[in-house]
Amino acid sequence: MKASPACSLDVHRLRVDFPIFATRDGRPVVFLDSAASSQKPRQVLEAMNAIYTSAYANVHRGVYQLSEAATAAYEAAREKVARFINAPAADTIVFTRNATESLNLIAYAYARTNLREGDEIVLTELEHHANFVPWTVLAKERGVKLKFIPITEQGYLNLDALDELLTSRVKLVSFAHVSNVLGVINDAHAIVQRAKAIGAVTVVDASQSVPHMPVDVQALGCDFLVFSGHKMLGPTGIGVLYGRRDLLEAMPPFLTGGDMIRYVGFDEVRWNDVPFKFEAGTPAFVEAVGLGAAVDYLTALGMQAVREHERQITAYALERLSEVSGVRIFGPLDAEHRGGVVTFTLERVHPHDLASLLDRDGIAIRAGHHCAQPLHQRLGVNATARASFYVYNPLSDVDALVTSLERAKAALRIKR
Amino acid sequence: MKASPACSLDVHRLRVDFPIFATRDGRPVVFLDSAASSQKPRQVLEAMNAIYTSAYANVHRGVYQLSEAATAAYEAAREKVARFINAPAADTIVFTRNATESLNLIAYAYARTNLREGDEIVLTELEHHANFVPWTVLAKERGVKLKFIPITEQGYLNLDALDELLTSRVKLVSFAHVSNVLGVINDAHAIVQRAKAIGAVTVVDASQSVPHMPVDVQALGCDFLVFSGHKMLGPTGIGVLYGRRDLLEAMPPFLTGGDMIRYVGFDEVRWNDVPFKFEAGTPAFVEAVGLGAAVDYLTALGMQAVREHERQITAYALERLSEVSGVRIFGPLDAEHRGGVVTFTLERVHPHDLASLLDRDGIAIRAGHHCAQPLHQRLGVNATARASFYVYNPLSDVDALVTSLERAKAALRIKR
Amino acid sequence: MDDLYRDHILDHYENPRFHGNLPDADFVHEEDNPLCGDRLRIAVKLSEDHTRIANAAFEGDGCIISQAAASMLLEHVVGQSVEEVERFEPQAMLELVGVPLTANRVKCALLGLKVLKTGLKLWQLQHRNGNTPE
Amino acid sequence: MDDLYRDHILDHYENPRFHGNLPDADFVHEEDNPLCGDRLRIAVKLSEDHTRIANAAFEGDGCIISQAAASMLLEHVVGQSVEEVERFEPQAMLELVGVPLTANRVKCALLGLKVLKTGLKLWQLQHRNGNTPE
Ligand SMILES: Cc1ncc(COP(=O)(O)O)c(C=O)c1O
Ligand SMILES: Cc1ncc(COP(=O)(O)O)c(C=O)c1O
Chain U
1 MKASPACSLD
11 VHRLRVDFPI
21 FATRDGRPVV
31 FLDSAASSQK
41 PRQVLEAMNA
51 IYTSAYANVH
61 RGVYQLSEAA
71 TAAYEAAREK
81 VARFINAPAA
91 DTIVFTRNAT
101 ESLNLIAYAY
111 ARTNLREGDE
121 IVLTELEHHA
131 NFVPWTVLAK
141 ERGVKLKFIP
151 ITEQGYLNLD
161 ALDELLTSRV
171 KLVSFAHVSN
181 VLGVINDAHA
191 IVQRAKAIGA
201 VTVVDASQSV
211 PHMPVDVQAL
221 GCDFLVFSGH
231 KMLGPTGIGV
241 LYGRRDLLEA
251 MPPFLTGGDM
261 IRYVGFDEVR
271 WNDVPFKFEA
281 GTPAFVEAVG
291 LGAAVDYLTA
301 LGMQAVREHE
311 RQITAYALER
321 LSEVSGVRIF
331 GPLDAEHRGG
341 VVTFTLERVH
351 PHDLASLLDR
361 DGIAIRAGHH
371 CAQPLHQRLG
381 VNATARASFY
391 VYNPLSDVDA
401 LVTSLERAKA
411 ALRIKR
Chain D
1 MKASPACSLD
11 VHRLRVDFPI
21 FATRDGRPVV
31 FLDSAASSQK
41 PRQVLEAMNA
51 IYTSAYANVH
61 RGVYQLSEAA
71 TAAYEAAREK
81 VARFINAPAA
91 DTIVFTRNAT
101 ESLNLIAYAY
111 ARTNLREGDE
121 IVLTELEHHA
131 NFVPWTVLAK
141 ERGVKLKFIP
151 ITEQGYLNLD
161 ALDELLTSRV
171 KLVSFAHVSN
181 VLGVINDAHA
191 IVQRAKAIGA
201 VTVVDASQSV
211 PHMPVDVQAL
221 GCDFLVFSGH
231 KMLGPTGIGV
241 LYGRRDLLEA
251 MPPFLTGGDM
261 IRYVGFDEVR
271 WNDVPFKFEA
281 GTPAFVEAVG
291 LGAAVDYLTA
301 LGMQAVREHE
311 RQITAYALER
321 LSEVSGVRIF
331 GPLDAEHRGG
341 VVTFTLERVH
351 PHDLASLLDR
361 DGIAIRAGHH
371 CAQPLHQRLG
381 VNATARASFY
391 VYNPLSDVDA
401 LVTSLERAKA
411 ALRIKR
Chain F
1 MDDLYRDHIL
11 DHYENPRFHG
21 NLPDADFVHE
31 EDNPLCGDRL
41 RIAVKLSEDH
51 TRIANAAFEG
61 DGCIISQAAA
71 SMLLEHVVGQ
81 SVEEVERFEP
91 QAMLELVGVP
101 LTANRVKCAL
111 LGLKVLKTGL
121 KLWQLQHRNG
131 NTPE
Chain W
1 MDDLYRDHIL
11 DHYENPRFHG
21 NLPDADFVHE
31 EDNPLCGDRL
41 RIAVKLSEDH
51 TRIANAAFEG
61 DGCIISQAAA
71 SMLLEHVVGQ
81 SVEEVERFEP
91 QAMLELVGVP
101 LTANRVKCAL
111 LGLKVLKTGL
121 KLWQLQHRNG
131 NTPE
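If you read the sequences in order, they're chains U, D, F and W. For what it's worth, our numbering labels the leading residue of the first sequence as 1, then goes sequentially. For what it's worth, our numbering labels the leading residue of the second sequence as 1, then goes sequentially. For what it's worth, our numbering labels the leading residue of the third sequence as 1, then goes sequentially. For what it's worth, our numbering labels the leading residue of the fourth sequence as 1, then goes sequentially.
Do not take every clue at face value.
[Stated by the list, open to error] Derived BS3-like pairs (lysine-lysine); straight-line CA-CA distance at most 30 Å:
1. D:171 with U:140
2. U:196 with U:147
3. U:145 with D:140
4. U:80 with U:196
5. U:171 with D:196
6. W:121 with W:45
7. W:121 with U:147
8. U:140 with D:145
9. D:196 with U:140
10. D:145 with D:80
11. U:80 with W:45
12. W:45 with W:107
13. F:45 with F:114
In short, the hints are calculated from the structure, not lab data. Please read these numbers as outputs of a predicted model, since none were measured by experiment.
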């Protein structure tokens, strides 16, 4: 077994912030499913508990102190999120439940207003269902055509295909910044520029990038960008939609009700300003505060360091896993172009069985199609196993994974 | 000043469960805005922290222990909520963000599929914007007509008007069980029965009833019922839609993406079963668990006792407030027909100023239109002040309110 | 050591009983487990009087548990009466499989039973002329 | 005792300056505060050369803070140059009001300034012929 190289984060020190690694009755927690959802540091839990125990009241509408305090905390979280992705202003940040709702919001409020029969949408073959199903529904409903940027054998997007795909009928281009299966980091800047050149609106599904690397919406130049709080140390129940201000302003609302209106009469309704126009009803404001604390935590670590740590552990995982006979790795083998996600299969073993066997050793990996069935069809497999990494995974977690894989093979009487 | 009569809940004892009453630097918290959002007992916060610190992973899709534990907790919460409102089965409970999203889900997925130009929807004059704006949007988009059950001078719904309103064109009747302004408890059973007699689908906005009194969806016989977790001791970010199983099954999905599908291919998508069909993406499952804990807490208190306590404090508030000169109370003056909501104005004082002045004394009331602008138009006032009660309000909170009102009048040089 | 993958499970997986096609089947039904993409197709030949399972075969791909359980299921039901199959509850199926399963793996173990029962019900709906069972 | 409702605030509320109509106004603008339904309508008469605020009047209903602040605002700006008004920042308005305000009440205090500035801008958009300022 090779010695683990040095890390750019002090993983063992920061692990202390994550109660879950201490509370599982002393059994080791090798948590390799952060791409599905991450663990939470106590700072995030404490920020939410602080609201609930000392500054709780409904936001925006109360003039008494508790409500003012809660409102201030909520809007401060919006500012933090805006700064984290370098959004030009806090009011370009709409809080949703998750990336999925953010994408649906775009599909309902932007695309249904702006796309017409015969228009085209360009996606990629590697999309998560969240960035696939809303568009298939729209396509069916409106007679819009979907086209897909293909992937190469190595698991990269084939951007050469863009010339042919980007016709004048293409009105919207939506793609994952980082694939949750192949791990590949797509050249988002290039795709956005090419799409803008033909006047298409661009949507970046940053669910797997914002948690793991520096992302700058102004540098990308995209029109919309979405992600979920729960994958970036934040709580469940909170997601983000960044949108270009003028687009958000021109869009009709999506959900309607209280808070998102300026005036309601029996005969007339006037909408509130952006971003409130898109936040109907009591928002998940405590969760937003939790996300704000997660952003603080990540900022203190430094997103460059987070990325560097993941590059290292991913490189190490690619190296160690390729030494295991029967393992097939999907996606680029170069950690430079890969987020902290390593998807693989083990010959003769169904991923589900593998996950159950590894679970016996306290190792949590995901098995299945990872909400990317079309991509799995394209790859010609029904299901895969996936190990994904985050700030709290030491390189030794990779060693544990490999050891457990060998044990699984033995248990299933697989000879080599 | 009168002595406070005995309560049906041991308020002083249960207040100890609510950290916020202890943590505000010793300043008294007279929290009279629970109709907007309630405070939380430590049991709810502990239930959520327990998931985050010992059983956290994304739900439904993982086969390893953490994910199985989180999934089991999430589905157990669904069972609890179902039992709380006597729903026939857990799979008739869809988790949303809040009551507002639940109503929008009905408007998008049920009404847009089933209502046609010329059809009519019956609402009431006392609706919250959440049960008003989604229907005005639909009405405009689809040429559907909205009609309103009027209120009487005393603030009751005038059910005599139903005969005329319930024509054969009425396809949907949606109304608040309890008004968040007038406090009036509407005869939901009667309205549902009358609506069903003409074949209309019924929607009950139970945002102000489920937290405060026993509610039984099967006894009501309604088709849909909605409420929010944050108004019933639960966290923000979680709401409920109860729907009749056959209706839910026949409806197309609303938000689409991961988890709500059974199969996704490039050319075909098949939806998952109810209720998952309506829960796209990573749900607010930790918040659902928190809501489950809130349901446990309320069940232990007994919803009959909760209602009795609120009836008592409301009766006391109506009595004490009507003794204050210049106070005008809106809605029924009989606490039998009134939830724990007392809306009023004080002559010559804008409600906003009143709320600011009371806040100086540590008393939190709400001022404004309480997201019911149409009702305020009907009442002929721009804004009102509202005190609302919950399990943790002792009768002495009413005394504090009245004392502070008199002080406010003095500060504003109002003679009597 | 590993209770989930005991010898009898691995044996059914490696040497599945009643595996393959059944050209003269009365009905064939297929379903998948959306969680993992496990897929199972069961074909059934009934007795002439339609009261017994005369023969059956399964085919599919998926995890050891789902495939081994399907093999065990068919071994159990072939020769049984239709009524016995209708009365065969998930709990009995789990006992048949005989290894401890977590909630999500339970779905794998029950996939075969679900496919068989649904297939049977659909067939009955079509064949009990006019007389639609509940 | 009550710093929010100091005498000068109550005085402006009870005896508002520049209150009422302005029949020969150059522009009239009205807005409301969605939080509380406060409503304010400001009418402005400019000097002949359009460089100064010759006269103004407000009318509306709402809380003490919004109405008193409107009165104080008009008292302050009538006679000033249009440029001075354009440079008049929210911070300066809050200093003019001179009482401590929580975030939501700040909106009340600034409603008048918002109505005045928006009204002015809309008027300029229409009257600086062809030359649309940003
Ligand atoms: C009667 C009624 N309906 C709907 C709502 C909306 O609730 P939420 O903001 O949680 O969606 C409220 C709460 O303000 C209410 O009182
Ligand atoms: C690339 C990608 N997009 C979208 C999503 C959906 O995220 P959520 O379930 O939080 O909406 C995920 C997470 O599974 C993802 O990996």
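Verification of the supplied hints:
| no. | hint | in the structure |
| --- | --- | --- |
| 1 | D:171 with U:140 | 27 Å, holds |
| 2 | U:196 with U:147 | 17 Å, holds |
| 3 | U:145 with D:140 | 28 Å, holds |
| 4 | U:80 with U:196 | 28 Å, holds |
| 5 | U:171 with D:196 | 45 Å, violated |
| 6 | W:121 with W:45 | 14 Å, holds |
| 7 | W:121 with U:147 | 46 Å, violated |
| 8 | U:140 with D:145 | 28 Å, holds |
| 9 | D:196 with U:140 | 34 Å, violated |
| 10 | D:145 with D:80 | 38 Å, violated |
| 11 | U:80 with W:45 | 43 Å, violated |
| 12 | W:45 with W:107 | 25 Å, holds |
| 13 | F:45 with F:114 | 17 Å, holds |
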